[in-house]
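> Our numbering numbers the first residue of the sequence shown as 50 and each following residue consecutively.
Derived from the structure by calculation, the hints contain no laboratory data.
Just so you know, not all the hints are guaranteed correct.
[Said to hold, decoys possible] Taking lysine-lysine pairs in the DSSO-like style, the calculated list, with each CA pair at most 30 Å apart, reads:
1) Lys209 to Lys744
2) Lys418 to Lys209
3) Lys327 to Lys340
4) Lys85 to Lys751
5) Lys373 to Lys363
6) Lys159 to Lys209
7) Lys327 to Lys373
8) Lys456 to Lys107
9) Lys340 to Lys363
10) Lys363 to Lys209
11) Lys85 to Lys744
12) Lys456 to Lys373
13) Lys85 to Lys107
14) Lys456 to Lys641
15) Lys209 to Lys327
16) Lys363 to Lys418
17) Lys373 to Lys209
18) Lys209 to Lys85
19) Lys159 to Lys85
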Amino acid sequence: MVQRKADRFRRLVVSPEYQHAQQVADAWCAAFVWSKQGSEPFDPITTDTIRCLSADPKALMPAQRTEVERLARQYQFFHWHLAFPEVFARGGFDLVLGNPPWDTLSPDAKEFFSSYDPQVRFQDREGQQRIIDALLQDPTIAQRWVANCRDLYALVHFIKQSGRYQMFAPGNLGKGDFNVYRMFVESALALTRRNGWTSQIVPEGLYNGANCMAIRRALYETCRLNCLLGFENTNEAWFPGVHTAMKFCLYAAHVGGQTESVRAAFNIRSQDQLADVKAGRSLNIPVRLIKEFSPDALAIMEFGSQLDIDIAAKMYRWRAFGDKTAGRPRRVYMREIDMGTDRGLFDEDSTGIPLYEGRMVDQFDYCAKGYRNGRGRAARWEDLPFSRPEKSIQPQWYIPRERVPEKCVERMANYRIGFCDVASPTNERTLVASLIPAGVLCGHSVPTILFEADNEDWHYPFWISVANSYAIDFVARMKVSLHMTFSILDSLPFPGLERHDPRVSALVSRCLRLSCTGPEMTPFWNQLAADGWVPATTSPTQIPGELEEEARLQIRAEIDATVAHDVFELTRSEVEYILSTFPTQQRHQEEKYGEFRSRRVILEIYDAMQESICTGQPYETRLDLPSAALRVPHPPLETTTRVPVIPGILLPFRRVRPRREERYQTCVPLLSLKAAAGSFGEEQPVEFEDWVEIKSSHQLRKGMFVAQVVGHSMEPLISDGAYCLFRYPVLGTRQDRIVVVEHHDIHDPETGGTYTVKRYRSEKAPSSEGSWHHIRIVLEPLNPAFSPIVLTEESEGQVRVIAEFIEVLEPDEG
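From just these sequences and the hints, can you work out the full model?
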């Protein structure tokens, strides 16, 4: 029986019908990884090619067929419907199991070049780059590196543009590294028949990573997520050789139906803990709560007990920080300087702008450590306690003023929030934030936050107070693995209080006393003093903040007690429980003070606040709230320097400021489609603000511009997000040209806008006067998965063809 089936399968795969189906499928895949350099002697695969090939097995030119076969071998195209026709005839597999790769699809220079020189693995960033630069002098190695990068980019292009994978998180949630396991999870769900099961071991990002949002939504809405177990590789308990902080999870999903609640357990570090879970010691997390805790990302927090769930539910009575309807000012995140890609910007010349690194920042402390010597992992930093007169900003690197990126020029003139990107639930504290002075720049390990609110600077100390509290940290460490991402911050519960709320006043004044501990912070203190938050200082060189350790402990404890008692309205037992979840800090304080001092002082203040409610008397602080003793331990940092505006990079092209005679020689305007519609055809010439250098096979001329095209309808010619060159006006006939069209009745199903990029086709008929008029206009997509947009003759006078598509541009690699 088995032999007969094998013989039948062999006969099938050599049959003309099967070979034809294989060729069509291979050609479709090849279209997305095909080199578009224009040097090949044959045309690339297009939608029309696939249509012709589907009808005629001999439609490909010999050279095209050879290239398709080569790409199929190189990328190992695999077609499930051809490999398992009998399985998909009944809807898919009964069971899909897997442990997919945990890699990311980005070039790994260290991994690649270590095969040529193993020393690459053991060097700091500068040493690695020197070795790599030397290796790239070998043409063979350089060619292999370019091919390696292109293979990865081609694979990502296929995944993102082919339509085979669709579970991508929208907007900023979808940013970040391209994790391979996500494609395997989506494939498993697609390959499993209804009422079948799928289960895989994947990184913990499946349940808390922002870019897995669409997958989680599918698991909640189209499956029954039966089980979710989170593991931590402590002491390499599960995977030898894998970092001990690595977290991963096992999920099991029944395809079909909906998930009401998830049976889950987290931080499983041993076989004994796993046995407890098998015995039924797990949590039931309602999906309703998941959506409340994380309305955008739908992330599952690492609850350890039912009390965790109850406390989180209480705290989430406040909306998430990223909720734009909560009445808060708009927050603007930024990674100002990338310490890798921007390495050429900074040096050791201390006359430049100080460049912050993560270790320089601690809670309420913007100069926690000072650089001493060494490089990379051998760099030596020293703690700078508040008791030391030389405590000041002491960075390793500086950026000369003329090298400051344009995007940072205005930002660095502002006081702003900085927080540590590197975070772990096993650290003493997970969310670490501080006020960052004006006149400095921050590396990518210290992302910054600006609030867009005129004359409302109190938002900064208020936010920092809440962010640095144990209560918020309790929630944050349920979400964080290794990095405090923007999406995690956006998902945390933050109170939306009004300026005149007494809780705001209590927190703002205390945060200022903790934060303004150097002369570079005095201007900010006085800005807030002018609005009545604190008393003003009498000299710009005075330090208004608190430097004495015991007083700082008391102020911090009052902030924590206020946030817990007055803002989140937690009970004493809930506060005690939260404090018990910080074992590393407890151990350190017990070694230093003989007790978990923060816990004792916070609970004492909490009790005093509760007693004030019972007696009707207001809570009185133990502190002398007027400004602490003032002194000048070091010269103030220059905070009013204006850095000249310089050309920067506007990805993916270099932005320039050309002289009038240089325009349309090597550069053209960069516009949105809406801006293009409003700019061209005006009676008065429009002065464009953004110009970009491009490399085009066409001679540039006036009327050309670059715009980004969003959507999949014009694939494979124009990929989603591609930047294209257009030309205004459209000369000659528009028939069969790809154009930008504006019409108030257009509702592009991809963008929802009144502007669209499509192939223009029209049908005309003669009028009674002998002229021609349009019967209808058809705006055709190239992707057959999309329907055309049809406009009738009544719309003829309202259709506006703005510009003609010229070509898709390759991003500037520099």
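> Does lysine 363 pair with lysine 418 here, judged by a C-alpha cut-off of 30 Å?
37 Å, violated
> Take a quick look at whether lysine 159 and lysine 85 sit within 30 Å of each other, Cα to Cα.
It holds: about 28 Å lies between the C-alpha atoms, which stays within 30 Å.
> Regarding the pair lysine 209 and lysine 327, is the alpha-carbon distance no greater than 30 Å?
38 Å, violated
> Checking one constraint from the list: CA of lysine 363 to CA of lysine 209, max 30 Å. Satisfied?
The given pair, whose Cα atoms are some 39 Å apart, is violated under the 30 Å limit.
> Can you confirm whether the C-alpha distance between lysine 418 and lysine 209 stays at or below 30 Å?
43 Å, violated
> Are the Cα atoms of lysine 209 and lysine 744 separated by 30 Å or less?
Within the cut-off at roughly 24 Å; holds.
> Is the Cα-Cα distance between lysine 327 and lysine 373 30 Å or less?
Outside the cut-off at roughly 42 Å; violated.
> Has the given pair, lysine 85 with lysine 744, been kept, meaning a C-alpha gap of at most 30 Å?
Holds - the C-alpha atoms of lysine 744 and lysine 85 are around 14 Å apart, at most 30 Å.
> Is the straight-line distance between the alpha-carbon of lysine 85 and that of lysine 107 30 Å or less?
With Cα atoms ~23 Å apart, lysine 85 and lysine 107 stay inside 30 Å; holds.
> What's the verdict on lysine 159 and lysine 209, does the C-alpha distance respect the 30 Å limit or exceed it?
Judged against 30 Å, a Cα distance of about 26 Å means the pair holds.
> Hey, lysine 327 versus lysine 340, does the alpha-carbon distance stay inside 30 Å?
This hinted pair holds, its Cα atoms lying about 27 Å apart.
> Lysine 373 and lysine 209 were given as a pair; does the straight-line alpha-carbon distance stay at or below 30 Å?
28 Å, holds
When held up to the earlier numbered hints, the structure conflicts with 2, 7, 8, 10, 14, 15 and 16 and fits the remainder.
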